[in-house]
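K.L.:
When you get a sec, could you build the whole thing from the sequences and use the hints?
Protein chains: 2
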Amino acid sequence: MLEKTLELLEDRNYSELRAFLMEFNPADIALLLGEVPESSILLIFRILPKELAAESFAYMDSDLQEILIRSFNDSELHYVIDQLYIDDTVDIIEEMPANVVKRILRHTDPETRRKINELLQYPADSAGSIMTIEFIDLKKNMTVADAFARIRKIGIDKETIYTCYMTDRDRHLLGIVTVKDLLLNDESALLGDIMETKVISVHTHDDQESVANMFNKYGFLALPVVDKENRLVGIITVDDAMEVFAEEASEDFAMMSAIAPTDDGYFKTSVFQHAKNRIVWLLFLMLSATLTGAILTKYEVVFSAIPLLVSFIPQLMSTGGNTGTQSSTTVIRGLATEEINTKDIFKVLRKELCIASLLGIVLAIVNSIRIVIMYQNVHIGNNSIYMIAFVTGITIIGTIMASELLGCLLPVIAKKLKLDPAIMASPVITTIVDACSVLLYFTIAGAFLNVPGIG
Amino acid sequence: MLEKTLELLEDRNYSELRAFLMEFNPADIALLLGEVPESSILLIFRILPKELAAESFAYMDSDLQEILIRSFNDSELHYVIDQLYIDDTVDIIEEMPANVVKRILRHTDPETRRKINELLQYPADSAGSIMTIEFIDLKKNMTVADAFARIRKIGIDKETIYTCYMTDRDRHLLGIVTVKDLLLNDESALLGDIMETKVISVHTHDDQESVANMFNKYGFLALPVVDKENRLVGIITVDDAMEVFAEEASEDFAMMSAIAPTDDGYFKTSVFQHAKNRIVWLLFLMLSATLTGAILTKYEVVFSAIPLLVSFIPQLMSTGGNTGTQSSTTVIRGLATEEINTKDIFKVLRKELCIASLLGIVLAIVNSIRIVIMYQNVHIGNNSIYMIAFVTGITIIGTIMASELLGCLLPVIAKKLKLDPAIMASPVITTIVDACSVLLYFTIAGAFLNVPGIG
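From first to last, the protein sequence lines stand for chains Z and L. Residue 1 is where the first sequence starts when you use our numbering, and the numbers rise one by one after that. Residue 1 is where the second sequence starts when you use our numbering, and the numbers rise one by one after that.
Please note that the accuracy of each hint is not assured.
Which stretches of chain Z does chain L cover? Using the computed rule of at least three CB atoms under 8 Å from a CB of chain L, they are [claimed, not checked]:
#, segment
1, 146-155
2, 239-250
3, 263-271
4, 281-290
5, 346-358
6, 366-372
Computed list of lysine-lysine pairs in DSSO-like fashion (alpha-carbon distance at most 27 Å, straight line) [what the hints assert, rightly or not]:
#, chain 1, residue 1, chain 2, residue 2
7, Z, Lys217, Z, Lys180
8, Z, Lys416, L, Lys268
9, Z, Lys268, L, Lys416
10, L, Lys180, L, Lys153
11, L, Lys418, Z, Lys180
12, L, Lys180, L, Lys139
13, L, Lys416, Z, Lys50
14, L, Lys180, Z, Lys115
15, L, Lys276, L, Lys418
16, Z, Lys50, L, Lys217
17, Z, Lys140, L, Lys276
18, L, Lys416, L, Lys217
19, Z, Lys343, L, Lys418
20, Z, Lys228, Z, Lys416
21, Z, Lys217, Z, Lys228
Treat the hints as calculated values from the structure; they're not laboratory data. Using N, Cα and C, we set each Cβ at its ideal position, and we do this for glycine too.
P.N.:
Below, the structure is given as C-alpha cells:
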C-alpha cells in the first residue's frame, strides 16, 4: 500500500491515488499517513474524499494529528472537528500543546465546548475519561415505532445506536432497550414494557481497567456511565474498552520489565526517550544490588576458605528470582483481571506457600544429587560434599519460601497503597530475593560448615 | 450475593431465591454457581427461570458445565444445548470427556451435529475455532424492508444481527450492511446499492491473536471469516475477540514468567497442578545456571586473589538480566500486538543497540564512581581501585550490549521457528545473560588486573 502510494505521488497521478486509497479502511489510511514523508501528509489528506479523510483522522496518532491541525485551513479544521465524536476530540485535546488546543476550541460551537470541558474534568484512567456522551436516549412511554423514528433522526451522529437508554425527567437511568429488542417486538409496543430494567452500569470515577474487565465478563456492546446522583451521563462502547484492555496489558508488560510505560509506539519513540524510560529503574536496581554485593563482602572469609561455595550462588539467585517472578506475575495478573482480590491475600498466601514447599523440595533434591555427582572427588577442606549439598538444599528451600512470600505480598501491598501492583514485578522482587538468598546461604553455610575463622 | 443465596437455600425459601437471582446477569449467576456447594448447583439451576438458567450455562467454566451435564435429565440437556450458540457448544465439547460429548451429541439434531463436526475440525487458536456460523445473510437484490423482514424472522437465534452479510449463490462474500445503514436508508432502497463492498475479512486458518488485533485496530463489532475459496463460512463477534485478547495476554504473562500456561483460573487449579506448571521451567533454569557456576569455578584463582571482585557479581548479573528483560519484553509485546514484524528485526536491533550504548555508558559511569567512593581506602593486592572500577565498567557495557542483542534476537528467532516468542522472555534471557556476564567479567578482569597465577 505504501509503495504504490509513493509511486502514484511521484507520478502526480492524484486521481488514481484517490481511487486507490478509497478502497481502504480509514484505520489503514491513518497508518499509511504515518509512514509517508511529512511533506506529503497534507497533500494526501486533501486528495481523499472529505468524509473518508475526516474518518481516518480519528485513527491517527497524536503526532500526526498535530501536524495536520497545524497545517489545516480554518474550514478544514472546522469540518474535521465537526465530524469527530466528542470523546475523540477530548482525547486529541489532551495530547496537544496549548496553542493547538486553543485553535481547536475556537472552531467548536459553544455547546460542544461546554461538553468538552465537562469531559476534560474526569481523572485520567477513569470511566468518565473514556466515555462518550453521544448516545440515544428514549422515554419509556414511546412506542417501538417512535423509537425507530427517533433513532433515524438522531442516530447518524451517535457512536452506537444498538443500545438505547431510557431515562426519566431527571436523567436517572430506568432501563435499556436494544435495537434487536425493537426489531423483534411489535411497532406499537411500549418501550416501558419491553425495556430491560436489570441494568449494569459503572460510575464516572470507576477505574477504566475494571470497566474493561466488565465488558469481557458480560460480553456487552456498551455500558452506561452514571454520576454520583445516579444520573446517566454517558456510555462506554466496546471498542474503547478493547483499547483500554490493550493499553493496560502493554502498560503492565512494560512495568513488569522495569520500563516506564508510555502510550507511544516502539518506532515512534526516540532512542533517547527509550533510554530515559529504562534508565531510572536500571540505576535503582543496580544500586540496590550493591546490597547483595555488600553481603558477599561480609562473607569473604567463608568463600575464600571454600571457593566452591561461590559457584552455587548464580543457581540460588536465579532459582529464587524465578520463583519470585512466577508468584508475583500470578498475583499481579490475577489482580488486573480481578480474579484475585486484595481480601483473598491469605488464601493466596497459603496456596503459594504449599506450592513453594513442593517446588523447594523437588529442586533441593535434584540440585543436591547434581552437586554430589559432580563434585564427589573434589577436595573441599574438611567438609564433606554431602554437607555442602545439604547446605545448598536448605538454602534453596528457604529462598523459594521467601521469594513466594514476597512475590505474593508485595503486589497486594502496592495495590493497598494505591500503586499499580505491576511495579512489584520480577525486577524488584528478584533484586530483593537475591539479597535474601545470599544472606541465607552464607548464614546456613557458616552454621553447618567448618570454616576457619568462623564460629 | 453468595451469602444471601446460601441463606435462602438454608431456609428452603426457593421462591424468594428465584426472585432474588432473577435480578442478576447470567454471567453473575454462572460465577455464583461456581461458589456454592456442589450439592446445591443443580437445585439452584432448576429454581431459575429456564431461559435465564440456559443463558447462564454459556458463561460457566467447563468443570461446572460438566457437573451439570452429568446431572441433567434428557429434557434439560436438550433444552440447554438447543439454546446455546453452536460455537459455544463446540467450546464445551472440546473440554468434555468422551462420554459426556456422546451424551451431548445424542441430544442435537443431525444438522447441528454436522455443523459441530465442521467447526471441530479447525485448528486450536485459529479464526475458525472461535467463529460462529449463526449470522444473518442477505441477498443484494433485497430491499431494506425485505432485510428487516428477514432479520425479524431469523434474528432471534443469531449471535449478532447488527452486521448482515450479502453473499452470491456460491456463498462468496459481496458486501456488508449494518442495521444502522438499514435504519438510515429508505425502506425501498436496494441492499446492493447501500452495501459496503470494501469488506475486511479473515481466513479460517488465521491466528486468533491477529484476528483480535484487527478488532482493536478497526473497532469492528464483527468480522467475516472466509474459507480458501473465499466463501463466507462464519463470523467472529467482538466479545469473542475480547476473550481471545485476555486469554493471549494471560498466556504471555505466564510464559514470560516461566509458567506453563493454562486456561484454568488461579483458585480452581490445585496446588499440585500449579507446582507442575512451574517446576519444569524452574528445573531447566536451575540446571542451566550451573553453567554460570562452572564458569565461576574456572576463575577461582582470580577471586581467591581479589575477593572483592565477587561482590560485584550480583550487580553485573542483575543489570544484565534487567536490560535483557526490558528488550525482550519490548520485542515480545511488539510482536504480539503486531507493532513489530519479524522483518523489522534489523531496524529494532539497530535501535536497541543505540539504546544499549546510552544505558551502558550511564550505568558504567555511575557504578564506577560508586566503587571508587566506597572502596578508595580498601587494599586490593597491587591493583588500584580505579582499575577495578574500569573493569566493572567495561563489563557492564559489554553485558548490556549482549543482553540487548539476545533480548531482541531470541524472540524473533522463536517466532521464525513458529514458537511463541514469549518463551524467550526474562527467565531464559536472564539465565543466558548471567553466564555471559560472568564470563565477560573474569575475562576482562584477567586481562586488565594483576592476578597471581594468571598471565
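K.L.:
It remains to establish, for every hint, whether it holds in the given structure.
P.N.:
Verification of the hints:
With a cut-off of 8 Å between beta carbons, the segment 146-155 of chain Z has 4 residues touching chain L; three or more are needed, and the interface restraint holds. Taking a C-beta to C-beta cut-off of 8 Å, the segment 239-250 of chain Z contributes 8 residues in contact with chain L, enough for the three needed, and the coverage statement holds. Under a criterion of three residues with beta carbons nearer than 8 Å to beta carbons of chain L, the stated coverage of the segment 263-271 of chain Z is upheld, 4 such residues being counted. Beta-carbon proximity to chain L at under 8 Å applies to 8 residues in the segment 281-290 of chain Z; the threshold of 3 is reached and the given coverage holds.
With a threshold of 8 Å between beta carbons, the proposed coverage of the segment 346-358 of chain Z by chain L holds, since 6 of its residues qualify and at least three are required. Under the rule that three or more residues need a Cβ within less than 8 Å of chain L, the assignment of the segment 366-372 of chain Z holds, with 3 such residues. At roughly 21 Å between alpha-carbon atoms, Lys217 (chain Z) and Lys180 (chain Z) fall within 27 Å of each other, so this suggested pair holds. Between Lys416 (chain Z) and Lys268 (chain L), the direct Cα distance comes to roughly 25 Å. Compliance with the 27 Å bound is thereby established for this hinted pair.
This hinted pair checks out: Lys268 (chain Z) and Lys416 (chain L) have alpha carbons roughly 25 Å apart, not beyond 27 Å. Distance check on the hinted pair: Lys180 (chain L) and Lys153 (chain L) sit about 18 Å apart at the alpha-carbon level, within 27 Å; holds. The suggested pairing of Lys418 (chain L) with Lys180 (chain Z) is violated, with an alpha-carbon distance near 42 Å, which exceeds 27 Å. Proximity of Lys180 (chain L) to Lys139 (chain L) is assessed by CA-CA distance (about 17 Å); at most 27 Å being required, the pair is judged to hold.
For the hint linking Lys416 (chain L) to Lys50 (chain Z), the alpha-carbon distance of about 42 Å lies beyond 27 Å, and the restraint is violated. Taken as a hint, the Lys180 (chain L) and Lys115 (chain Z) pair is honoured in the structure, with Cα atoms around 25 Å apart against an allowance of 27 Å. Proximity of Lys276 (chain L) to Lys418 (chain L) is assessed by CA-CA distance (about 25 Å); at most 27 Å being required, the pair is judged to hold. Using a Cα cut-off of 27 Å, the hinted pair Lys50 (chain Z) and Lys217 (chain L) holds, with the two alpha carbons roughly 22 Å apart.
For the hint pairing Lys140 (chain Z) with Lys276 (chain L), the CA-to-CA distance comes to about 56 Å; that exceeds 27 Å, so the pair is violated. Proximity of Lys416 (chain L) to Lys217 (chain L) is assessed by CA-CA distance (about 24 Å); at most 27 Å being required, the pair is judged to hold. Restraint check for Lys343 (chain Z) and Lys418 (chain L): the C-alpha separation of about 41 Å exceeds 27 Å, so the hint is violated. Among the hinted pairs, Lys228 (chain Z) with Lys416 (chain Z) is consistent with the structure: their alpha-carbon atoms are about 24 Å apart, no more than 27 Å.
Proposed proximity of Lys217 (chain Z) and Lys228 (chain Z) is supported: the alpha carbons are some 24 Å apart, at most 27 Å.
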